[in-house]
Amino acid sequence: SAVISQKPSRDICQRGTSLTIQCQVDSQVTMMFWYRQQPGQSLTLIATANQGSEATYESGFVIDKFPISRPNLTFSTLTVSNMSPEDSSIYLCSVRRDKTYEQYFGPGTRLTVT
Amino acid sequence: AQRVTQPEKLLSVFKGAPVELKCNYSYSGSPELFWYVQYSRQRLQLLLRHISRESIKGFTADLNKGETSFHLKKPFAQEEDSAMYYCAPLNNNAGNMLTFGGGTRLMVKP
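Quick mapping for you: the protein sequence lines, in order, are chains A and B.
Here the numbering used here is used: position 55 in the first sequence is 55, and no number is missing along the way.
For the numbering used here, count along the second sequence from 1 and bump the result up by 114.
Just so you know, not all the hints are guaranteed correct.
Said to hold, decoys possible - Within a straight-line C-alpha distance of at most 35 Å, the following computed DSBU-like cross-link-like pairs (lysine-lysine) qualify:
| # | chain 1 | residue 1 | chain 2 | residue 2 |
| --- | --- | --- | --- | --- |
| 1 | B | K123 | A | K99 |
| 2 | B | K223 | B | K123 |
| 3 | A | K99 | B | K129 |
| 4 | B | K187 | B | K123 |
| 5 | A | K7 | B | K123 |
| 6 | B | K179 | A | K99 |
| 7 | B | K179 | A | K7 |
| 8 | A | K99 | A | K65 |
| 9 | B | K129 | B | K171 |
| 10 | B | K171 | A | K99 |
| 11 | A | K99 | B | K187 |
| 12 | B | K123 | A | K65 |
| 13 | B | K136 | B | K187 |
| 14 | B | K179 | B | K223 |
| 15 | B | K129 | B | K223 |
| 16 | B | K179 | B | K123 |
Keep in mind the hints are simulated off the structure, nothing from the lab.
Note that the structure is a prediction, hence the values are computed from the model and not measured.
Hey, can you work out the whole structure from these sequences and the hints?
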C-alpha cells in the first residue's frame, strides 16, 4: 500500500477565500485523484490529477473552482476557490497502485466554510 | 445509466449474528468490484476485491453476474466490524474510475 499524507487535516475558512490542500505520497504513482465527501454522503470524484498536464475534471467540477497542480509523481495540491458554505466537506486525496486498480486514500481534509 | 446501489443506509445486528451488506450494480460487461471500509476516526481503506477471492477479516464477497450483485458477507459479526462500508465498482466505460455506492453503516451491538 502507499502512505498518503494530507495538509491541513482541517480548517475553518471564511466565505470568499481560498484554501489549498496538499497531498504527499511516499512513492511515485501515476494516478492521483481528488474526492469530495459532503456531510452524510458518499465520495464523489472531483478530478484526476495528471502529472505534467491539466487535471481531468468530472462532470460538475471546473478548473476555476478547483484548480489542481501535480508537479511530480509524489505530490499534488487541490485549491478550493472563492469558498461558500456549500463547499464544507471532507476532501480526500487518493492514489492507485500502478498495474492494479487498488486505490488508497489519504486521511482527508475537513473543511468548514463560515 | 451505470450506477451502484447500496439499499441499506444502516444495518444493525447483534454480535455473533450473520451480516450481509447488499450491493447492486448496473454496469455492463464485467466490472471489477471492491469493498472499502471506514472505521471510526480512520481513513477509508480497501477491504477486498472480487478478483482476489480472498476472505479478509472474515468477510467475503461473491460477484453474481446474473443478479448484478456483489454482497459482502460475514457469518459471525464482531463489535469491531462496526464501520461504514462502501461498494465500489470500477467503471471501465469511464476511464476505469471507481464509483462509490452510498455506503452502509454497520452497527454491531454487544
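Tested hints:
no.	hint	in the structure
1	K123(B) to K99(A)	33 Å, holds
2	K223(B) to K123(B)	17 Å, holds
3	K99(A) to K129(B)	38 Å, violated
4	K187(B) to K123(B)	16 Å, holds
5	K7(A) to K123(B)	30 Å, holds
6	K179(B) to K99(A)	25 Å, holds
7	K179(B) to K7(A)	41 Å, violated
8	K99(A) to K65(A)	31 Å, holds
9	K129(B) to K171(B)	15 Å, holds
10	K171(B) to K99(A)	25 Å, holds
11	K99(A) to K187(B)	28 Å, holds
12	K123(B) to K65(A)	31 Å, holds
13	K136(B) to K187(B)	9 Å, holds
14	K179(B) to K223(B)	33 Å, holds
15	K129(B) to K223(B)	6 Å, holds
16	K179(B) to K123(B)	23 Å, holds
In terms of the numbered hints stated before, the structure departs from hints 3 and 7, listed from lowest to highest.
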